[in-house]
Amino acid sequence: MSANSVSLAYLVAAVLFILTLKGLSSPISSRRGNMFGMMGMTIAVLTTLSLTHNVALILLAIAVGGTIGAVIARRIEMTAMPELVAAMHSLVGLAAVLVAMAAFNNPVAYGIALPGEALHSSNRIELFIGTFVGAITFTGSIIAFGKLSGKLSGKPLRFAGQHWLNLLLGIAMLGFGVAFFMSPSWTPFLIMTAIALVLGVLLIMPIGGADMPVVVSMLNSYSGWAAAGIGFTLNNNMLIIAGSLVGSSGAILSYIMCRAMNRAFFNVILGGFGGEASAEAAGDGVQKTYRSGSADDAAFLMGNADSVIIVPGYGLAVARAQHAINEMSNALTEKGVKVRYAIHPVAGRMPGHMNVLLAEAEVPYEQVVEMDEINNEFSDTDVVLVIGANDVVNPAAKNDKSSPIYGMPILDAYKARTVLVVKRSMATGYAGLDNDLFYMDKTMMIFGDAKKVVEDIIKAID
Amino acid sequence: MTGAVDPFVLNLTVFVLAIFVGYHVVWNVTPALHTPLMAVTNAVSGIIIVGAMLASSPEKMDMGSVIGLVAVALAAINVFGGFLVTQRMLAMFKKKDK
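From first to last, the protein sequence lines stand for chains G and B.
Following the numbering used here, the numbering of the first sequence begins with 1 at its first residue and continues without gaps.
Following the numbering used here, the numbering of the second sequence begins with 1 at its first residue and continues without gaps.
These are calculated hints, taken from the structure and not from any lab test.
Remember, predicted model here, so these are calculated numbers, not experimental data.
30 Å max Cα-Cα, derived BS3-like pairs, lysine-lysine:
hint, chain 1, residue 1, chain 2, residue 2
1, B, Lys94, G, Lys452
2, B, Lys95, G, Lys415
3, B, Lys95, G, Lys335
4, B, Lys94, G, Lys335
If you want the ones that stay clear, here's a sample from chain G, every Cβ over 12 Å from chain B, calculated:
hint, residue
5, Ala172
6, Phe265
7, Gly407
Using N, Cα and C, we set each Cβ at its ideal position, and we do this for glycine too.
Use the sequences and the hints to build the structure in full.
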């Protein structure tokens, strides 16, 4: 293939990738969008294959990787999506580092240096950037994977002088980058890569479990920038375009997650939260009273209501109660009750996670409404059922200026006529805060395992 | 103005425009599909496979081509895993059956 036809084929693939993202504006068009994505990738891979000499070995490598990917995609549980996504970011990071090493090893083969010449100086900078972003993405994502899958503690790990150490390492990394720029040789390249790998670990370790949605989005962004950086090195527009699309997508998701948690991006990156704020906030010493009820009471209240809004949190998924809750809402719908689900942006472990968990349980997506759209309707709602959620319905975010979550957007569950809260105990949520919603006169607490409680409610409705 | 444009400038042009396209397209993604968005962008960032394929195919096999082949396999996990898991998720989003 001529260089021109290769570039044109890449252009087609790039347009298909843009259509893939565009398709995600609605569930119906999204399936077609995903097909476009597969087509784009096929075109990009076949085009590149025509440029290569090792077709058989490359196909073998694709077959090996592809089989692993396909098996994982089939088996993964939807609750484990955040881990899977984090693991996949780390693969992109590692692949970027490997490609950079190969490019540095033999720049002539990439057409970015003439035989006998060293790498161009501008290519050296790009190679450096692509490599360190890739390396940080690689190890950072492994730590994120460990925290999300529970293999590492979700607690933020902090020690004195941490930021200084990171700063020092960052400067050292840049120093070796400059050395590499001056005289391109393996020593500064490898040292700089090693420092970046360590930095990836150090940057993610201090970030607490509650902030993981931001971290996963951020690493999503990094993995795109790493691919784009390598694209600069190789003068390959395909990599630049696809990488930038992913990079901006991850950046937007990080922003949305930060806004939903009312957290400044840099505070998240610098670590903290979810660990120490709890001690003083955990109560003012006054024993507050709450009302508790049974599943039968809940069934009676909801069965006689006109409208019910369910506020699901991650606790619902932990208790594997998604299917039960769908059965319950079907039973209520049959009695003529209008049932909807209200989703807070951080209801799950990653952006949009709760929507997928409900979709898996066959909850129709028209019943699932985002926070901004449903918040005005709580005041006209008879019963709100909060299940496995806590901080996202805490009115302190609106009316207690001293609260650490003050300013965080919440679901206005407290405005409903009756509030039912299913919880295992009176324990606090992620943020370690007490929740005034639980002590309101119109609130009834139902203690127990979410799945068990919902199943009892279903029995009582029938 | 004389002479050819440096490839870096052309790359930068493409880069900046692609960021703008990405920015506008992604804001239109419905929040309900943010998890599939992440999974599919995972697959798209598997585009690094293109770089890896080029790395693994100089005329003579050397260390670089072995590294490249490993990178091809890693990126292929992302490409296949990402698109297939997205497909699986999107198939779950159903309307209410009448």
